[in-house]
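Asker: Chain by chain, the residues:
2 protein chains.
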Amino acid sequence: MEPSSSKPVSSSSWETGIEVGDATFPRGFWAYAWEGGPRLRMALLVSDRPATVAGRFTVNAAQAAPVQLCRRLVAGGVSQAAVINAGNANALTGAQGRADAERMQQLCGQALGIEPATVAVASTGVIGVPLPMAEIEAGIHYLAERYQMGAPSEGEKAARAILTTDTRPKTGALTVSLSGGTVRIGYMAKGSGMIHPGMATMLVFLTTDAAVAPAVLDRLVGEAVDASFHALSVDGDMSTNDTVLCWANGASGVVVEQAEDVQAFGAALTRLAQVAARQIAADGEGATHLITARVRGAQTVADARQKARAIIASALVKTAVYGRDPNWGRVLAAVGASGLPWDPARASLWMNGLCLYNQGVPLPFDEAEAKARMAAFEVVFEVALGEGEAEAEAWGCDLTEGYVDINAHYRT
Amino acid sequence: MEPSSSKPVSSSSWETGIEVGDATFPRGFWAYAWEGGPRLRMALLVSDRPATVAGRFTVNAAQAAPVQLCRRLVAGGVSQAAVINAGNANALTGAQGRADAERMQQLCGQALGIEPATVAVASTGVIGVPLPMAEIEAGIHYLAERYQMGAPSEGEKAARAILTTDTRPKTGALTVSLSGGTVRIGYMAKGSGMIHPGMATMLVFLTTDAAVAPAVLDRLVGEAVDASFHALSVDGDMSTNDTVLCWANGASGVVVEQAEDVQAFGAALTRLAQVAARQIAADGEGATHLITARVRGAQTVADARQKARAIIASALVKTAVYGRDPNWGRVLAAVGASGLPWDPARASLWMNGLCLYNQGVPLPFDEAEAKARMAAFEVVFEVALGEGEAEAEAWGCDLTEGYVDINAHYRT
Numbered sequence: 395m396e397p398s399s400s401k402p403v404s405s406s407s408w409e410t411g412i413e414v415g416d417a418t419f420p421r422g423f424w425a426y427a428w429e430g431g432p433r434l435r436m437a438l439l440v441s442d443r444p445a446t447v448a449g450r451f452t453v454n455a456a457q458a459a460p461v462q463l464c465r466r467l468v469a470g471g472v473s474q475a476a477v478i479n480a481g482n483a484n485a486l487t488g489a490q491g492r493a494d495a496e497r498m499q500q501l502c503g504q505a506l507g508i509e510p511a512t513v514a515v516a517s518t519g520v521i522g523v524p525l526p527m528a529e530i531e532a533g534i535h536y537l538a539e540r541y542q543m544g545a546p547s548e549g550e551k552a553a554r555a556i557l558t559t560d561t562r563p564k565t566g567a568l569t570v571s572l573s574g575g576t577v578r579i580g581y582m583a584k585g586s587g588m589i590h591p592g593m594a595t596m597l598v599f600l601t602t603d604a605a606v607a608p609a610v611l612d613r614l615v616g617e618a619v620d621a622s623f624h625a626l627s628v629d630g631d632m633s634t635n636d637t638v639l640c641w642a643n644g645a646s647g648v649v650v651e652q653a654e655d656v657q658a659f660g661a662a663l664t665r666l667a668q669v670a671a672r673q674i675a676a677d678g679e680g681a682t683h684l685i686t687a688r689v690r691g692a693q694t695v696a697d698a699r700q701k702a703r704a705i706i707a708s709a710l711v712k713t714a715v716y717g718r719d720p721n722w723g724r725v726l727a728a729v730g731a732s733g734l735p736w737d738p739a740r741a742s743l744w745m746n747g748l749c750l751y752n753q754g755v756p757l758p759f760d761e762a763e764a765k766a767r768m769a770a771f772e773v774v775f776e777v778a779l780g781e782g783e784a785e786a787e788a789w790g791c792d793l794t795e796g797y798v799d800i801n802a803h804y805r806t
Numbered sequence: 395m396e397p398s399s400s401k402p403v404s405s406s407s408w409e410t411g412i413e414v415g416d417a418t419f420p421r422g423f424w425a426y427a428w429e430g431g432p433r434l435r436m437a438l439l440v441s442d443r444p445a446t447v448a449g450r451f452t453v454n455a456a457q458a459a460p461v462q463l464c465r466r467l468v469a470g471g472v473s474q475a476a477v478i479n480a481g482n483a484n485a486l487t488g489a490q491g492r493a494d495a496e497r498m499q500q501l502c503g504q505a506l507g508i509e510p511a512t513v514a515v516a517s518t519g520v521i522g523v524p525l526p527m528a529e530i531e532a533g534i535h536y537l538a539e540r541y542q543m544g545a546p547s548e549g550e551k552a553a554r555a556i557l558t559t560d561t562r563p564k565t566g567a568l569t570v571s572l573s574g575g576t577v578r579i580g581y582m583a584k585g586s587g588m589i590h591p592g593m594a595t596m597l598v599f600l601t602t603d604a605a606v607a608p609a610v611l612d613r614l615v616g617e618a619v620d621a622s623f624h625a626l627s628v629d630g631d632m633s634t635n636d637t638v639l640c641w642a643n644g645a646s647g648v649v650v651e652q653a654e655d656v657q658a659f660g661a662a663l664t665r666l667a668q669v670a671a672r673q674i675a676a677d678g679e680g681a682t683h684l685i686t687a688r689v690r691g692a693q694t695v696a697d698a699r700q701k702a703r704a705i706i707a708s709a710l711v712k713t714a715v716y717g718r719d720p721n722w723g724r725v726l727a728a729v730g731a732s733g734l735p736w737d738p739a740r741a742s743l744w745m746n747g748l749c750l751y752n753q754g755v756p757l758p759f760d761e762a763e764a765k766a767r768m769a770a771f772e773v774v775f776e777v778a779l780g781e782g783e784a785e786a787e788a789w790g791c792d793l794t795e796g797y798v799d800i801n802a803h804y805r806t
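For the record, the sequence lines run as chains A and B. If you're matching positions, the first sequence starts at 395 in the working numbering and goes up one per residue. If you're matching positions, the second sequence starts at 395 in the working numbering and goes up one per residue.
Please note: incorrect hints may appear among the correct ones.
[Stated by the list, open to error] Below, in silico cross-link-like pairs of lysine to any residue (SDA-like), each with a Cα-Cα straight-line distance of 20 Å or less:
#  : chain 1 : residue 1 : chain 2 : residue 2
1  : A       : Lys-765   : B       : Ile-800
2  : A       : Lys-765   : B       : Asp-799
3  : B       : Lys-551   : B       : Pro-432
4  : A       : Lys-551   : A       : Arg-562
5  : B       : Lys-765   : A       : Val-523
6  : B       : Lys-765   : A       : His-803
7  : B       : Lys-551   : B       : Glu-413
8  : A       : Lys-551   : A       : Pro-432
9  : A       : Lys-551   : A       : Gly-415
10 : A       : Lys-551   : A       : His-535
11 : B       : Lys-551   : B       : Val-414
12 : A       : Lys-765   : B       : His-803
13 : A       : Lys-765   : B       : Val-520
14 : A       : Lys-765   : A       : Gly-747
15 : A       : Lys-765   : B       : Val-523
16 : A       : Lys-765   : A       : Glu-776
17 : B       : Lys-765   : A       : Asp-799
18 : A       : Lys-551   : A       : Glu-413
19 : B       : Lys-551   : B       : Tyr-536
20 : A       : Lys-765   : A       : Asp-719
21 : A       : Lys-551   : A       : Val-414
22 : B       : Lys-551   : B       : Arg-562
23 : B       : Lys-765   : A       : Ile-800
24 : B       : Lys-551   : B       : Thr-561
25 : B       : Lys-551   : B       : Gly-430
26 : B       : Lys-551   : B       : Glu-429
27 : B       : Lys-765   : A       : Val-520
28 : B       : Lys-765   : B       : Glu-776
29 : B       : Lys-765   : B       : Cys-749
30 : B       : Lys-765   : B       : Gly-747
[Claimed, not checked] The following label-pair restraints were derived from C-beta to C-beta distances:
#  : chain 1 : residue 1 : chain 2 : residue 2 : range
31 : B       : Gly-575   : A       : Pro-735   : 38 to 48 Å
32 : A       : Glu-496   : B       : Glu-772   : 33 to 43 Å
33 : B       : Gly-616   : A       : Thr-694   : 24 to 34 Å
34 : A       : Gln-693   : B       : Glu-539   : 48 to 58 Å
35 : A       : Arg-443   : B       : Gln-753   : 36 to 46 Å
36 : B       : Asp-737   : A       : Arg-443   : 31 to 41 Å
[Stated by the list, open to error] Now the stretches of chain A that chain B is said to cover, found in silico as 3 or more residues with beta-carbon under 8 Å:
#  : segment
37 : 478 to 488
38 : 705 to 715
39 : 750 to 756
40 : 788 to 797
Calculated from the structure, these hints are not laboratory results. Positions of the beta carbon are idealized from the N, C-alpha and C atoms, including for glycine.
With these hints in hand, go ahead and build the complete structure from the sequences.
Answerer: Pasting the structure below:
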């Protein structure tokens, strides 16, 4: 019997050590959702106290107005809330767009009774259309009122409110035992198309109740992003709106300061970011397979990562996976096209554990066996370069008629 | 009534100044086709005298055996023939592949009675499978015999024999008036998928009866390739086998030497290469539209070209064109993602002549009018950067369910 390649219902079926939880799993974080607008949905994420904040953003030269705003926020290092809308990216909207993003920040800060300059703003959706500000205002007032009346937190519902073409919410959480006690990390994320190294229309909101100094948090977030969202591609397009923000509010009373604690906390943050990246890849527009590229035996991690990215970014690899075609030549051709030196004569390749190419020599293989292995939801290409000890992974998804249909007929 | 977007039957309906002709249009060139193999088709291109040769090749680190051979040939500067096969790329085939490519060269030189080292070899098709050498030998003997018996030249049939997923042969020719008389340039080409800047599974054979010194020919071919095949993308994948070769056999008796002649000849070569690039883009796998990106007002040609390439390489632009969705935000987001600095506030955008974005401000437009303009086979995005005087074009095609179908189920 052929195994089903249908998507897993949640991350927990293919990730271990990850808790069922979201951005409100750490202490002191609250989230609410507003689905009242005809053209928008909104979410509010609030910490009950000011938090240290760090972030990473799209490298697209056309940075959306909310991204420009968040860059300034992160430079300040302190944030207490985020107001997020899906349906309109507020990108390529010029001076009006910048004024609208600032007005979102002001309105939200005033409604919550906190310093407006500590409010982050994130938007995703159609490009080049002015924000419907009447809806934005209505949403902000509703969301702030819910928080102030002490309504039950809606972490899962907020994670749904920020989706666009995503088919399911993306959340996760874990706990980390440190020398001073236990801390919690959680996230909510969205992302489905326009996903590529350099980030994507991808919004990721990480929270923790650990207390972390701004410079340390910034470094750890940078490392986590490099090993996760920068190793992710759905379609090779890079969004104007990518945003990863991470708040550390200290509500656990545990300070991340000693070297071992910093390392353990950083490793957990990276691990959770990788889970989020895999969730995003697995829910790529039209996807029927998650593709993992693992490149090992490289001289440097950067070399391994660039080659792994080249594999998961290849349209020919993506369509071969969709067709369950063990067409390994496309995988190695993609490695060759990565822009870095490479010697195919020293390389070997496995597909879901089956060796297809061994130190420069194509191996005969059982086509039916190979096709059966590709029926798994996750298809792993493992390339051993034979040049060193470094390794890296990257994640993507297959390219299907579903992707074409969504993007030919949906105005993103 | 909505105009049809069906493909033009030949280049001549959308290119002016191009003759009906192929690689045998210049004097002294002959071509033959062999379609007798179950797994291969082959073509032979011969000059009746040794010719100056120049070439450009894939930058993929995994260079197919025939590419390695042609690099050595071009370094020598002299060639009299090319033997070409479609159906098997002889790529990632290791030492056996190199020996097979050399044997093709040897067999062809011996059968033609010319110096084997002057024979070029090109292959396209499936990667990682050894060449069926018995078929190769049969084909070479048939083809050489046809030439030696003085059989009528088969330029068009040869252009068909080298195709893979292409739906039609790609040929063109033109004449150039120089101070010493008229010279002819012609080509045959193939290419449909795995097409991207840095070249593609793209084989292009240019011929001319002009006499051109090796160093001059090399420079002119390099300029022509930069302005044509390096500004072309079908799917972002870069082949192991891309080859552009250009032979100048001097059979016209006209020498390209004086500065004005070199310039006129080079401009004609570039023009013809651009026609070939547009033919390849228009016949991209599954394509229903040719996409032209014209970027002007740049500070340098390189800047304009990289931004134009970013537009035609974007999966979101490609799917929007397929859906006839005037989603201009995707076009500008692609410009922003090109990796180069850019100020959207100074830019303007036209789509088939309709201005959608003017100096940083989105313009209201008639959606029905915009959609109607996108019904044309060719969709032109013109971006004015407002930064300088340089400009460049790039060509691609839309991304359709047809592309996915071909590549999920065809073993390339």
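Asker: With reference to the structure, classify each hint as holding or not holding.
Answerer: Each hint tested on the structure:
no.	hint	in the structure
1	Lys-765(A) x Ile-800(B)	18 Å, holds
2	Lys-765(A) x Asp-799(B)	17 Å, holds
3	Lys-551(B) x Pro-432(B)	17 Å, holds
4	Lys-551(A) x Arg-562(A)	11 Å, holds
5	Lys-765(B) x Val-523(A)	18 Å, holds
6	Lys-765(B) x His-803(A)	12 Å, holds
7	Lys-551(B) x Glu-413(B)	17 Å, holds
8	Lys-551(A) x Pro-432(A)	17 Å, holds
9	Lys-551(A) x Gly-415(A)	12 Å, holds
10	Lys-551(A) x His-535(A)	17 Å, holds
11	Lys-551(B) x Val-414(B)	14 Å, holds
12	Lys-765(A) x His-803(B)	12 Å, holds
13	Lys-765(A) x Val-520(B)	18 Å, holds
14	Lys-765(A) x Gly-747(A)	13 Å, holds
15	Lys-765(A) x Val-523(B)	18 Å, holds
16	Lys-765(A) x Glu-776(A)	16 Å, holds
17	Lys-765(B) x Asp-799(A)	17 Å, holds
18	Lys-551(A) x Glu-413(A)	17 Å, holds
19	Lys-551(B) x Tyr-536(B)	15 Å, holds
20	Lys-765(A) x Asp-719(A)	6 Å, holds
21	Lys-551(A) x Val-414(A)	14 Å, holds
22	Lys-551(B) x Arg-562(B)	11 Å, holds
23	Lys-765(B) x Ile-800(A)	18 Å, holds
24	Lys-551(B) x Thr-561(B)	14 Å, holds
25	Lys-551(B) x Gly-430(B)	13 Å, holds
26	Lys-551(B) x Glu-429(B)	10 Å, holds
27	Lys-765(B) x Val-520(A)	18 Å, holds
28	Lys-765(B) x Glu-776(B)	16 Å, holds
29	Lys-765(B) x Cys-749(B)	13 Å, holds
30	Lys-765(B) x Gly-747(B)	12 Å, holds
31	Gly-575(B) x Pro-735(A): 38 to 48 Å	47 Å, holds
32	Glu-496(A) x Glu-772(B): 33 to 43 Å	42 Å, holds
33	Gly-616(B) x Thr-694(A): 24 to 34 Å	32 Å, holds
34	Gln-693(A) x Glu-539(B): 48 to 58 Å	52 Å, holds
35	Arg-443(A) x Gln-753(B): 36 to 46 Å	45 Å, holds
36	Asp-737(B) x Arg-443(A): 31 to 41 Å	39 Å, holds
37	478 to 488	holds (count 5)
38	705 to 715	holds (count 6)
39	750 to 756	holds (count 4)
40	788 to 797	holds (count 4)
The structure fails none of the hints (numbered hints given earlier).
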